[in-house]
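Peer 1: Sequence:
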Amino acid sequence: MRIAYFDCFSGVSGDMCLGALVSAGWPARELEALPARLGLEGVAIRVGAAKRGPFVATRVEVDVAGRQPHRHLHHIAAMIERADLDATVKARAVDVFTRLADAEAEVHGSTRDKVHFHEVGAADALVDVVGAIEGLRALGVDEVAASPLRLGRGAVMSEHGLIPVPAPATTLLLRGVPVEMPDIEAELVTPTGAALLTTLVRDWSSPPAFTLETIGTGAGGRDLKEQPNVLRVLIGESRPAGLARRRIVVLETALDDDNPQFVAALLPRLLEHGALDAMVVPSVMKKGRPGMWLIVLAEPDACDALARMLLRETSALGVRVRSEERYELERRPVEVETRFGRIALKVATVPGEGERAVPEFESVRAAAERSGRPLREVSEAALAAWRGQSD
Numbered sequence: 002m003r004i005a006y007f008d009c010f011s012g013v014s015g016d017m018c019l020g021a022l023v024s025a026g027w028p029a030r031e032l033e034a035l036p037a038r039l040g041l042e043g044v045a046i047r048v049g050a051a052k053r054g055p056f057v058a059t060r061v062e063v064d065v066a067g068r069q070p071h072r073h074l075h076h077i078a079a080m081i082e083r084a085d086l087d088a089t090v091k092a093r094a095v096d097v098f099t100r101l102a103d104a105e106a107e108v109h110g111s112t113r114d115k116v117h118f119h120e121v122g123a124a125d126a127l128v129d130v131v132g133a134i135e136g137l138r139a140l141g142v143d144e145v146a147a148s149p150l151r152l153g154r155g156a157v158m159s160e161h162g163l164i165p166v167p168a169p170a171t172t173l174l175l176r177g178v179p180v181e182m183p184d185i186e187a188e189l190v191t192p193t194g195a196a197l198l199t200t201l202v203r204d205w206s207s208p209p210a211f212t213l214e215t216i217g218t219g220a221g222g223r224d225l226k227e228q229p230n231v232l233r234v235l236i237g238e239s240r241p242a243g244l245a246r247r248r249i250v251v252l253e254t255a256l257d258d259d260n261p262q263f264v265a266a267l268l269p270r271l272l273e274h275g276a277l278d279a280m281v282v283p284s285v286m287k288k289g290r291p292g293m294w295l296i297v298l299a300e301p302d303a304c305d306a307l308a309r310m311l312l313r314e315t316s317a318l319g320v321r322v323r324s325e326e327r328y329e330l331e332r333r334p335v336e337v338e339t340r341f342g343r344i345a346l347k348v349a350t351v352p353g354e355g356e357r358a359v360p361e362f363e364s365v366r367a368a369a370e371r372s373g374r375p376l377r378e379v380s381e382a383a384l385a386a387w388r389g390q391s392d
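Residue 2 is where the sequence shown starts when you use our numbering, and the numbers rise one by one after that.
Since the hints were made in silico from the structure, they are not lab data.
Not one of these hints is a red herring.
Estimated spans, in silico, between C-beta atoms of each pair: (1) Phe10 <-> Glu325: 25 to 33 Å; (2) Pro352 <-> Gly40: 42 to 50 Å; (3) Thr212 <-> Phe10: 16 to 24 Å; (4) Ala156 <-> Ala45: 24 to 32 Å.
As the structure is a prediction and not an experimental result, all values here were calculated from the model.
All C-beta atoms in this analysis are idealised placements derived from N, C-alpha and C, irrespective of residue type, glycine included.
Construct the complete structure from the given sequences, taking the supplied hints into account.
Peer 2: Right, dumping it as structure tokens:
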């Protein structure tokens, strides 16, 4: 599992995230192409080096020329959905903006649909949010962790006038998150930065155990006298003993007018094209129609191809996609010698409990057909042989 750990020594903002990810190896040209992919006119990105205390960090600036329209949440969601981006990137980006809109709505006693993102800020935030999520995807990150957030104090000018630091929306976003309040007159955590990390981060603590491979350093806009205004991201591989957490996507669609034979034939083809698993669940649809749920589990990178396959080869007019995580036991393949021949098994490590084995069905079936013995007898013989090896 590939982990990105954000060391929020000096808080977090969207542009600092972008700088850190570019510094960690995300090609700047991919970030610079993002406004066009989002359909943002008059928006350009500058990437360069900046000195912050003893650090030379990567500084990302979003330049917005001319007037941008007022945008509400549904406008932003539509722009993201139209963009040429991975489905999971789109879903997470919309989640970030929904979280941000909910916080702003709570501050102003409104609803998420009535919140508007002001002209320049909406374009800036779109690049920050989508860019950070796309950068993590491009760097192969499966899980995001972060240190406690340092907030700063004082006041900043906003479109609503002078407001305290941390901003009201920021404080709402950070409920349940460990924070520190250093004596620094600056807005160290912006609402965009808070929305990004609270959407993506699973663990607010010391870094999980992983093999460090890459370090990126992003520069904030101000050069603070009290401390270097930088955000670091540490990226590496983690393999927890026995138990791993993995991000997957779930694609599903409901069918009530398709030929069950066609759907049955589709399942193995989905597996051949990258699905981790595919299943059909009988269901009763509207108007009492018998139907089925077609559910596919996949790696995020396979999502778009599998969605197209479902739409092409079934009667579905739409496919739902959501991002989930699942825990997995570490496993390894083994073979054992039995009186029925060699049988393949999977051996999983259960944390704190040792190992358990599961005979591979196709291997058991082949041995049963060769010997003319029941499947159960062959399976039990394989398990007995494995236990004998393990003792």
